[in-house]
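Asks: Sequence:
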Amino acid sequence: MEILTNFKALIMVIFFFGASIFVHELGHFLAARWRGLKVTRFSIGFGPKLFGWKRDGIEYIVAALPIGGYVALPQLGHMEMIEGKADEEANLPISWTSKVIVLVAGAFFNLLFTLVLGSLLFLIGGRPVPIYNDITTIGIIGETLRISDDEQVPNPAFEAGLLKGDNIKAIDGKSVKDWESVQKRIIFGTKRTLDGVPLTIFTIERNGEILEKEVLPVIAGFEKLRTVGISPELPDLPPLIGGVFEGFPADHAGIKPGDELLRIDGEIIRSTPQISEYIQQNPTKEIQFELLRDGQTVIAKVTPKLAILRENEKETPAMGVAWTYPNKYLKETPIKQIGSVMEETVETLGKLINPKSNIKVSNMSGPVGMGRIIYQSAKWDFKMVLWVVIIVNINLAILNLLPIPVLDGGHILFATIEKIRGKELPQNLMMSLQGTFVLALLTLMLYVTIFDGRRIFTDVVKEKDTSSFKPRLIEFEQSE
Numbered sequence: 129m130e131i132l133t134n135f136k137a138l139i140m141v142i143f144f145f146g147a148s149i150f151v152h153e154l155g156h157f158l159a160a161r162w163r164g165l166k167v168t169r170f171s172i173g174f175g176p177k178l179f180g181w182k183r184d185g186i187e188y189i190v191a192a193l194p195i196g197g198y199v200a201l202p203q204l205g206h207m208e209m210i211e212g213k214a215d216e217e218a219n220l221p222i223s224w225t226s227k228v229i230v231l232v233a234g235a236f237f238n239l240l241f242t243l244v245l246g247s248l249l250f251l252i253g254g255r256p257v258p259i260y261n262d263i264t265t266i267g268i269i270g271e272t273l274r275i276s277d278d279e280q281v282p283n284p285a286f287e288a289g290l291l292k293g294d295n296i297k298a299i300d301g302k303s304v305k306d307w308e309s310v311q312k313r314i315i316f317g318t319k320r321t322l323d324g325v326p327l328t329i330f331t332i333e334r335n336g337e338i339l340e341k342e343v344l345p346v347i348a349g350f351e352k353l354r355t356v357g358i359s360p361e362l363p364d365l366p367p368l369i370g371g372v373f374e375g376f377p378a379d380h381a382g383i384k385p386g387d388e389l390l391r392i393d394g395e396i397i398r399s400t401p402q403i404s405e406y407i408q409q410n411p412t413k414e415i416q417f418e419l420l421r422d423g424q425t426v427i428a429k430v431t432p433k434l435a436i437l438r439e440n441e442k443e444t445p446a447m448g449v450a451w452t453y454p455n456k457y458l459k460e461t462p463i464k465q466i467g468s469v470m471e472e473t474v475e476t477l478g479k480l481i482n483p484k485s486n487i488k489v490s491n492m493s494g495p496v497g498m499g500r501i502i503y504q505s506a507k508w509d510f511k512m513v514l515w516v517v518i519i520v521n522i523n524l525a526i527l528n529l530l531p532i533p534v535l536d537g538g539h540i541l542f543a544t545i546e547k548i549r550g551k552e553l554p555q556n557l558m559m560s561l562q563g564t565f566v567l568a569l570l571t572l573m574l575y576v577t578i579f580d581g582r583r584i585f586t587d588v589v590k591e592k593d594t595s596s597f598k599p600r601l602i603e604f605e606q607s608e
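In my numbering, the protein residues as written are 129 to 608.
The reader is advised that the hints may include incorrect statements.
What the hints assert, rightly or not - Calculated pairs, BS3-like style, for lysine-lysine (alpha carbon to alpha carbon, straight line, at most 30 Å):
#1 K456 with K292
#2 K459 with K479
#3 K384 with K456
#4 K302 with K341
#5 K464 with K488
#6 K136 with K177
#7 K312 with K488
#8 K352 with K479
#9 K297 with K488
#10 K166 with K551
#11 K507 with K459
#12 K312 with K484
#13 K297 with K319
#14 K302 with K464
#15 K488 with K302
#16 K341 with K352
#17 K511 with K488
#18 K297 with K312
#19 K312 with K341
#20 K319 with K292
#21 K479 with K302
#22 K352 with K507
#23 K312 with K459
#24 K319 with K479
#25 K459 with K302
#26 K429 with K384
#27 K429 with K413
#28 K319 with K305
#29 K456 with K136
#30 K305 with K456
#31 K464 with K319
#32 K507 with K456
Everything labelled a hint here was simulated from the structure, so no lab data went into it. A quick note: this is a predicted structure, and the numbers were derived from the prediction, not measured.
Let's have the full structure, built from the sequences with the hints guiding it.
Replies: Next up, the structure:
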């Protein structure tokens, strides 16, 4: 079953990545045909040619690797260094308007693709978000914060005087509407003290009073991003049983994954901390669980036993279940989806060039990283796959229109300069710029891919460490 799930996830990665590139190139192709440009080749896929045909002077190819495609448009730029010498017809002049239309068409088609995907996502319920996403109230704040596997530091939020129950209204002067925006505003922060130390200003509501708190975030984790050590207040919702440990009391009592816990010994349950607290207070008592299963109430009686549930932790009374919460989905119109992703993409690009920001090129994800995210999402929720592909296409559209040689935006820049000058730019200059920026982009892609690889390696090691440890009972009989 797991093999089938992994295979399906791999197919989704190939299909959606290929579709995103193919749609972009199809935009160029259709616009070029409409404006009468010379098209020499249109390939579906990359790599060795499987088969093809020629029509109206265009070579159509179906290639071995079904990951996108490309269209050859020799009139659009000085690409001799990359594509080879073009024929005479390919050197015929074309208008500035035609160039811009064809160059913009790729990004435009990516946006059309996101409209289609966004409409589908809207129709089937929206994108997955954490169950606590609507909350801006701070939950538990510890005195210390773990910033790596072997290092703890004083919690910045605790040190600054933030308290459980504080309602966050704004961060660095920008309002927040949900926990997603709280996290984003912390990570995207650029404020610093006079000494250059990262600074985050929280505007909070406490007991009806508006207060400001200055927090000095720490740089933590593999990504080396700002964090302040806060978590949201969890909503009051009946917990779901996500898993049952084999051989534990819950397993013997017949409790099953998917059961919804309603009451413990007649007391209504609204959160998992409430369950843990009750079990800790009654470590040897037979507890009656009232569960909802397939619309029917089920009663299970469980006597906790001592167990070690996590590596390097002490024994604790446990029934042997993993808790989860119902899925929550955010339903936004396609236009709102596109707008929010475009805004975040543009802001991210701005932070990359802001020396006060902690966001670096190493935090970006390339094709390998995005493929990994799609792969993981495909094993979890198809709605999440659609959301990730929407992000990929909007990023592809925006990045391709940046005024950088080799990219579509660079060609638009050159075409505009030539129109203003009234003549073409020098051939040698163009070839040098193209070659230089091809090398620069390849270097950037290699750099980003190295960090993608490190993320994957880190995730695999953590998954292996987690899967290698099994919760175990250390007391098989309760004393009377």
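Asks: Does each hint fit the structure? Answer for all of them.
Replies: Each hint tested on the structure:
1. K456 with K292: Holds, at roughly 24 Å.
2. K459 with K479: At roughly 28 Å apart (the allowed maximum being 30 Å), K479 and K459 satisfy the hint.
3. K384 with K456: Holds: K384 and K456 sit about 22 Å apart, inside 30 Å.
4. K302 with K341: Holds - the C-alpha atoms of K341 and K302 are around 14 Å apart, at most 30 Å.
5. K464 with K488: Satisfied, since the Cα-Cα distance of roughly 27 Å is no more than 30 Å.
6. K136 with K177: holds (26 Å)
7. K312 with K488: The given pair, whose Cα atoms are some 15 Å apart, holds under the 30 Å limit.
8. K352 with K479: holds (14 Å)
9. K297 with K488: Distance of about 27 Å is within 30 Å: holds.
10. K166 with K551: Holds - the C-alpha atoms of K551 and K166 are around 21 Å apart, at most 30 Å.
11. K507 with K459: Roughly 21 Å separates the two Cα atoms, so the pair holds.
12. K312 with K484: holds (16 Å)
13. K297 with K319: holds (18 Å)
14. K302 with K464: Satisfied, since the Cα-Cα distance of roughly 19 Å is no more than 30 Å.
15. K488 with K302: Given pair K488, K302 holds - Cα atoms ~22 Å apart, limit 30 Å.
16. K341 with K352: holds (23 Å)
17. K511 with K488: holds (29 Å)
18. K297 with K312: holds (14 Å)
19. K312 with K341: Roughly 18 Å between the alpha carbons, so the hint for K312 and K341 holds.
20. K319 with K292: Given pair K319, K292 holds - Cα atoms ~24 Å apart, limit 30 Å.
21. K479 with K302: Cα-Cα ~16 Å, so holds.
22. K352 with K507: Distance ~28 Å between K352 and K507 Cα, so the pair holds.
23. K312 with K459: Holds, at about 20 Å.
24. K319 with K479: Holds, at about 12 Å.
25. K459 with K302: holds (23 Å)
26. K429 with K384: With Cα atoms ~13 Å apart, K429 and K384 stay inside 30 Å; holds.
27. K429 with K413: holds (10 Å)
28. K319 with K305: holds (21 Å)
29. K456 with K136: holds (24 Å)
30. K305 with K456: holds (16 Å)
31. K464 with K319: holds (29 Å)
32. K507 with K456: holds (17 Å)
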